[in-house]
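A.B. asks: The residues making up each chain are set out below.
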Amino acid sequence: MKKRKKNNLTKYNNMGYVFVLPFVIVFLIFNVYPVLRTLYLSFTNTKIVGVGEPGWVWFDNYVRCLTDKFFWKALWNTVKMWGVNIVLQLGLAFLLMMVFSDVKYKMKGLKVFRIVYYLPNLIAATSVAFLFQTLLDWRYGTFNRIILEIYKLFGMQYNPVDWLGSGATAPYVISVIQTWMWFGNSFIMLMAGVQGISNDYFEAAAIDGAGRWTIFGKITLPLIKPIMMYVAITSLIGGLQLFDMPFLMSNASSASYKDMQTVVMYMYKFGFTTGTTQTGYASAIAYVLFLIILTVSVIQVKLFNRKED
Amino acid sequence: MNWKKVVSMLLVGVMTLSMTACGGKDAGTSAAGTESANAGTSAGTEATAGDQKLVVWTLSQDLVDFGERYQEKTGVEVETVIIQPADYPTKVQTAFQGGEKEPDIVVGEPQMLEDFYDMGLFANLDEFGAKDYEGQIVDYVWEVGQDADGVQRAISYQITPAGIYYRRDIAQKVFGTDDPDEIGKHFATYDAILDAAKTLKAAGYRIFASDSEINYFSGDSAWVVDGKLNVSERRVEYMDLVVELYKQDLTAYASQWATPWYMAMAGEVPILTAETQWGTDEMNIWDAENFKEATADYETTEVFAFGLPSWGVLTMRDNVGDTAGKWGVCAGPAYGFGGGTYIGISANSERKDTAWDFVKFCTLNEETADWWIEFSQGDTVSLVSALEKHADDTNEVYGGQKLYSFWLEQAKGIDYSLVTRYDKQIGDAWGEAISNIKSGAMTKEEAISNFYDLVESTFAGEIEVSRDLLK
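Read top to bottom, the protein sequences are chains A and W. Numbering of the first sequence is given in my numbering, commencing with residue 1 and proceeding in unit increments. Numbering of the second sequence is given in my numbering, commencing with residue 310 and proceeding in unit increments.
If you are wondering where the hints come from, they were derived from the structure by calculation, not from laboratory data. Keep in mind that a hint or two might mislead.
[Stated by the list, open to error] With a cut-off of at most 27 angstroms between alpha-carbon atoms, the simulated BS3-like pairs for lysine-lysine come out as follows:
(1) A:K73 to W:K537
(2) W:K400 to A:K69
(3) W:K410 to A:K73
(4) W:K747 to A:K69
(5) W:K780 to A:K73
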């Protein structure tokens, strides 16, 4: 009787495979296959998929990518935009986390603030792009108008800045918009980390006479390190894949375009733009970007771990 | 315990079904999206329900008008969908490679055609007897519609040779004549254009509204010859001309297609400079009303000429205002053309015979050509017999000039062998180099070097770049 029961259980356990089967099938078709196919394409000279017989060029596309100064320029643009964005985004989220997790202030209304801060993330990228293009218009944008009025108050002349048309400002404008869109997300993550810390630690520290900064530095910070690492790595991955905002807010004929073109925009040029479609090369760019992200993520994890040791 | 298995299977079944249902829902939405687009663009085509139907994907309103006319004449229902040019190639490519039977008719502009030919998007029109019509369409248009093997894939209903549209009254005052041949001499070379620009400025006029007017005439050689980048001396002369026009304040500093540019067709425009255009805080060159207000106190001038393809007749018609009748058209420094919609049949279509009938109706039917000339109020058709028939038609906006015979002559001069698939990208890169020099962002050497880098990186392995200009 006992043996029969065990057999039934084993059989029942196997049903798990059936449950995950639909997901696995979808995952194989929509994730694994495209990833492998892109790898294959990156070793070929395919221009347009389905047109002609692709020939093997092995690592030529990779060599081309690594020696392409416009690729490196696009990577630099991406890093620049991401770098400014990540400092602002995490800085702001961290600051808010400190305020809301402060043991003495005991700020109220966390739930409301959490929703409000997260709201920009719910707006479609196209709407955000349109909104900021209007606000930052170099002639009629509210932003320039406000600055103009302030200058007038002091009797000074203000030459409107073409925020999105100038290469000196446009990438940083994108960084600020990205920050506005994503700081709520980082804040929620960090707060979740803080709320996961047992109150016992804080109470014990308070009894021992630890001050606000000591508690923050010795208890809060070390215990939210895994969450911080998660936020940093996801931001890095998302940041290096930056596409929608600069793509929507730039114009190929604008002077600022060469400073706003990110790696994924550069890949798009070869993947989907009429006249320059070279799918093989675009695939290689995708893999080089993947390797860069992987390398930086590994370094990031190592650094975090070393600090922990 | 078999019931557990049954429940498990049921659950898995429901999950799978729900996933399939999701997919089904997506398909449903996209179909609905297409339908609504159709409803928006094919207004008026529902009235006549034929027993056959054609689906047309296009870039502009023209094919909607042709579709309605065809439906009227034949009873075949034509559903026309307009797609934005930026999205068009990707959408067509995706539909075609997905094996979609529709659209039946696809169009392309010259810069898209080579990719479409390589993709096998267009059906072979020679199989329907297109060769029988050779000679009936202006030569260069016929050639643009052929793939690398000389197989006819598409035909256009229009020709788009470029010309210089000039003000006859100003010509008379400054040059003492308004004769197109005589005025054409002032546009025959880049040096002549620069001299004419200086003469016009001294007389209080500006030769062009923008410095992009000679773009259509900027080359007399191909950008790529035998796989090598070819930057001819003439390209460099064009670069120098544009920079000089800009630096010496010889244009009205209007951006092409912006308010002051259109305003210049109707008469006086404020004289802008590079500084006023980019440095004041009260002006929006894209907003007509604001621009007028902001420049009310500016010194004004009148613009002498515009460089546009034959479809510029329609642009001018809508914007010349009181200057109607004072215009003339003459030849530019080279033969050139710009744009044009080429109609072909999708290789996947299951209604190829009807689609061929539609292509013939739009491009090879004299009655349609006559109708289109009248309906479009001056578009220039590609059917030689129609052009010859209308050769003596005069256009009152242009002081009674016989434009159709002029355009036909210009079209005959177009050498299509100079056109390559790389022209758009390389032309844009060259334009960027010119802008960099104009704005002072780069020296001429730096700009040319950057141009070489850009071409080399974009077409690595396809185009050899020897950097001759820097040697």
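A.B. asks: Hints first: check each against the structure and report whether it holds.
C.D. replies: Each hint tested on the structure:
1. Taken as a hint, the K73 (chain A) and K537 (chain W) pair is honoured in the structure, with Cα atoms around 25 angstroms apart against an allowance of 27 angstroms.
2. At most 27 angstroms may separate the alpha-carbon atoms for a hinted pair to count; K400 (chain W) and K69 (chain A) exceed this at roughly 31 angstroms.
3. The straight-line distance between the Cα atoms of K410 (chain W) and K73 (chain A) is roughly 42 angstroms, outside the 27 angstroms bound, and the hint therefore fails.
4. For the hint pairing K747 (chain W) with K69 (chain A), the CA-to-CA distance comes to about 24 angstroms; that is within 27 angstroms, so the pair holds.
5. At most 27 angstroms may separate the alpha-carbon atoms for a hinted pair to count; K780 (chain W) and K73 (chain A) meet this at roughly 26 angstroms.
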